[in-house]
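Based on the hints, put chain B in the right spot on chain A.
Number of protein chains: 2
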Amino acid sequence: MKNLRDVYVIGVGMTKFARHPDRKFHDLGQEAVRAALEDAGISYDAIEAAYCGHVMQGSTAGQQVLDKVGRTGIPIMNVENACASGTTAFRSAWANVATGLNNVALAVGFEKMGRGPLKMSRIEEGSEEENKPPMMPFIFAQIFEEHSSRYGTTEEQMALVSVKNHDNGALNPRAQYQKPMTVEEVMNSRPIVGPLRLLMCCPTGAGAAAAIVCSEDIARTAKSKPIRVVASSFQSEKYGDPNEPLTGITEINQRTANLAYEMAGLKPDDIDLVELHDCFAIAEIIHYENLGLCKRGEGGKFIEEGMSKIGGKVAVNPSGGLLAKGHPLGATGVAQVFEIVTQLRGLADQRQVKGAKVGLTHCQGFGGATGVHIFARE
Amino acid sequence: MKNLRDVYVIGVGMTKFARHPDRKFHDLGQEAVRAALEDAGISYDAIEAAYCGHVMQGSTAGQQVLDKVGRTGIPIMNVENACASGTTAFRSAWANVATGLNNVALAVGFEKMGRGPLKMSRIEEGSEEENKPPMMPFIFAQIFEEHSSRYGTTEEQMALVSVKNHDNGALNPRAQYQKPMTVEEVMNSRPIVGPLRLLMCCPTGAGAAAAIVCSEDIARTAKSKPIRVVASSFQSEKYGDPNEPLTGITEINQRTANLAYEMAGLKPDDIDLVELHDCFAIAEIIHYENLGLCKRGEGGKFIEEGMSKIGGKVAVNPSGGLLAKGHPLGATGVAQVFEIVTQLRGLADQRQVKGAKVGLTHCQGFGGATGVHIFARE
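Sequences listed follow chains A and B, in order.
Heads up: the first sequence runs through residues 1 to 378, numbered per this note's numbering.
Heads up: the second sequence runs through residues 1 to 378, numbered per this note's numbering.
Chain A with its partners taken away, still in its complex shape (with noise of 0.2 Å):
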């Protein structure tokens, strides 16, 4: 890879994570792109090149979005990647100034789901798969199970990750959920698969989020303090033998995370904060291990002994994860970048991780794609 030029995140915007029934995506996402260019301080005529993620809202969506922010005749890309589409979009606008193609770039990610179990992907008519019950739920109780019978991991370990990422949401006033939930909630919440509980698995939700991205010599002239992006990795599955989740997810996250450390000159032990893919309450505890922020097999441990919680080791999730933020898919992995920026900023006001210098976001989707971004105050 040649030399890249630095890049600066100068503005974030979000809407609330709801269900939001009266309002389409497109006015989701109008309403992130305009909080985003105010925090900047920069008009939308600025903007050299948009990246769109989001799964469900048609092939034009970002155009859909943007035509009524301005029609200013940029290169508009959609971009899809699951779970990981606005992380996605986040690397690519990452890319375009990172390479000097562009010096201003937008990310912005958006999704308004309906109710019930997320659908893998457009499933084919007449595949074996159409008939199946919901895909997600079924992997991560298999891992769960794995993780448990080499590690010890229990289901009470489970429940805490949700706890804290409740307590975490209820902070937070863009969350989806902001109630705390005690154990005892969690652990007797419905049933979904095995072990799996209701309240350790994300909602489906509605909401948008958006980034803006520049160069070095732009970023000092704007309104909002810029946060340097200091690593961007961006990886797919080597693994897939669809028997052994564990070790699938144990890959592709670990490799990703680490080509992030190494683009970045840092440990894990420097970042204060991060934000992770807490698809399901078993995910984050993996991930502790994946990103190394604990040894392998020591995750449950980690949350069981409050290392994530804010005021912890290193916080995990202090905008209450995809458990309590909520998983509006194409929005998430812009979301992770507004929460890690507005607390590096120091503006994350009661959930605010005390001295955050470095913040890193992690974002999966399954089929798959993987994406790490590193942060840095200056």
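Hints are not guaranteed to be accurate.
To be verified - Among chain B residues calculated to face chain A with C-beta under 10 Å, some are:
hint : residue
1    : 50
2    : 67
3    : 369
Keep in mind the hints are simulated off the structure, nothing from the lab.
A quick note: this is a predicted structure, and the numbers were derived from the prediction, not measured.
Glycine included, C-beta positions come from ideal geometry on N, C-alpha and C.
What follows is chain B alone, placed relative to chain A:
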């Protein structure tokens, strides 16, 4: 924009476009990618990033195509822009190499469509759109009416476009329709909307195409003759009054083409052959004008005088175009690259444009996005 590196196409592959009732998009995509690798004389391990253009195949369809070609862990991005999804993939791969982010990148486009008229993207439940008839023929019928009333363009001239493209398609073993048509057959085919007849509308279908792009030093070692990309221009709409579709289709396409000519340092007269977006016969007539191949208002005369046939002033759609070669949405933009590269290498057999040195692709996704690329034999 910064200084960009020269980019070369070193491998192209394409399936036959057809209904393909017994094949999935996966293996169509794989066939195209394997053919492009074979053409370039490289293994999949050499690919550093992949961009996958499609509209209806699912959020991680690119991974599903590529997983069986090689699981190397590279960044795989699914990109969409309606009918311009393939050209979006090619543009993204070009940018990847032009900026030096990577040295070898893959663009693959694929689609398997159902029968019947194309529905406009994914329509929101309960929206007014849901019960309207398909939109595209209506829009292009309006465009014809306006062009006809301003410039005297005739239904017979539209029929001549279809006849030329079916003549060309009859020489292309990968075309969906390989049978010449007479003006009478076109004029007597089933009416669709207003003056638009069935044979003036491109068919739905299935197929895939792939192109491998790389830096100059790698191109020098390629097995097949490398073709240089001398311009990549990609724009979205500025003008969006739905009551003035002719103004809309003119503005974005002319602007995108002019930017490409400027980047290449070339004039329309320098172009030997063009693959353009003839989704409807009237579109080809208007795009002659938008691409500067003739003066505004003279598109009808241009086809009538045989200027755009193989052996004419500039060969337009020697592949058969969307009308005869077919239009499996995501595949189209990359299939245009396949044709231009094949022609510039002098390997187009019966449909060879003699002495072709410079070729242009033009692809438009309504919604909207237009990509124009210019290629040169060295």
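Each hint, compared with the structure:
1. For residue 50(B), the shortest C-beta to C-beta distance to chain A is roughly 8 Å, which falls under 10 Å, so the interface hint holds.
2. With 10 Å as the threshold, the beta carbon of residue 67(B) comes within range of chain A, its nearest partner Cβ sitting at about 6 Å, so the hint holds.
3. The restraint placing residue 369(B) at the interface with chain A holds, with a minimum CB-CB distance near 6 Å, inside the 10 Å limit.
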